[in-house]
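Note that the UniProt record's numbering numbers the sequence shown so that position 61 is 61, with each residue one more than the last.
Treat the hints with caution; some may be incorrect.
As the list claims (entries may be wrong) - Computed Cβ-Cβ distance ranges for the label pairs, DEER-style:
no.: 1; residue 1: Thr12; residue 2: Glu82; range: 47 to 53 angstroms
no.: 2; residue 1: Pro14; residue 2: Ser50; range: 32 to 38 angstroms
no.: 3; residue 1: Ser50; residue 2: Gln102; range: 18 to 24 angstroms
no.: 4; residue 1: Thr58; residue 2: Glu28; range: 22 to 28 angstroms
no.: 5; residue 1: Glu28; residue 2: Arg8; range: 45 to 51 angstroms
no.: 6; residue 1: Gly23; residue 2: Ser49; range: 21 to 27 angstroms
no.: 7; residue 1: Arg88; residue 2: Ser50; range: 33 to 39 angstroms
Honestly, the hints are just simulated from the structure, not real lab data.
Source: prediction; values computed, not measured.
Idealized CB from N, CA, C, for every residue including glycine.
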Amino acid sequence: MRYLMTTRPSDTAPDEQLFAEMGRFIEELTASGVLLATGGLEPGGTLVSSLGDEITVTDGPFAEAKEAVAGFALIEVRSKEEAIELARRFRRIVGDGESVVQQVFGP
Numbered sequence: 001m002r003y004l005m006t007t008r009p010s011d012t013a014p015d016e017q018l019f020a021e022m023g024r025f026i027e028e029l030t031a032s033g034v035l036l037a038t039g040g041l042e043p044g045g046t047l048v049s050s051l052g053d054e055i056t057v058t059d060g061p062f063a064e065a066k067e068a069v070a071g072f073a074l075i076e077v078r079s080k081e082e083a084i085e086l087a088r089r090f091r092r093i094v095g096d097g098e099s100v101v102q103q104v105f106g107p
């Protein structure tokens with residue numbers, strides 16, 4: 001089962017210890033075959049919305065930037081519980097904040 005884990009921006013600035021711990025965590029997940037992709041996302045992005053036949057494109061940043069997704073990890077695990085445990089481990093490393101875990105459907 002694939003899961004997308006996303007995280008929102010944090011006010012905490014990363015330090016060398018955080019980079020080292022995240023590096024070890026990413027290495028472990030990559031070596032075990034669990035981590036399929038990971039990355040950070042630009043803070044603003046572009047919103048593409050549709051209403052009927054009208055398509056609107058709006059460049060960010062947006063007013064609720066703290067609600068935006070700052071980074072992601074795509075993982076393949078045996079269960080939702082395993083995905084949640086990995087999200088718990090991630091939160092322990094990065095500290096205060098929020099992450100969302102969602103199952104990815106499809107091939």
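Here is how each hint holds up against the structure:
Checked against the hint of 47 to 53 angstroms, the pair Thr12 and Glu82 fails, with Cβ atoms roughly 27 angstroms apart. The supplied range of 32 to 38 angstroms is met by Pro14 and Ser50, whose beta-carbon atoms lie about 37 angstroms from each other. A hinted range of 18 to 24 angstroms for the beta carbons of Ser50 and Gln102 is consistent with their spacing of about 22 angstroms. Between Thr58 and Glu28 the beta carbon distance is about 39 angstroms. The supplied range of 22 to 28 angstroms is therefore violated.
Taking the beta carbon of each, Glu28 and Arg8 are about 24 angstroms apart, not inside 45 to 51 angstroms as hinted. Under the hint 21 to 27 angstroms, the C-beta atoms of Gly23 and Ser49, about 38 angstroms apart, miss the expected range. The hint said 33 to 39 angstroms for the Cβ distance between Arg88 and Ser50, and at roughly 37 angstroms that hint holds.
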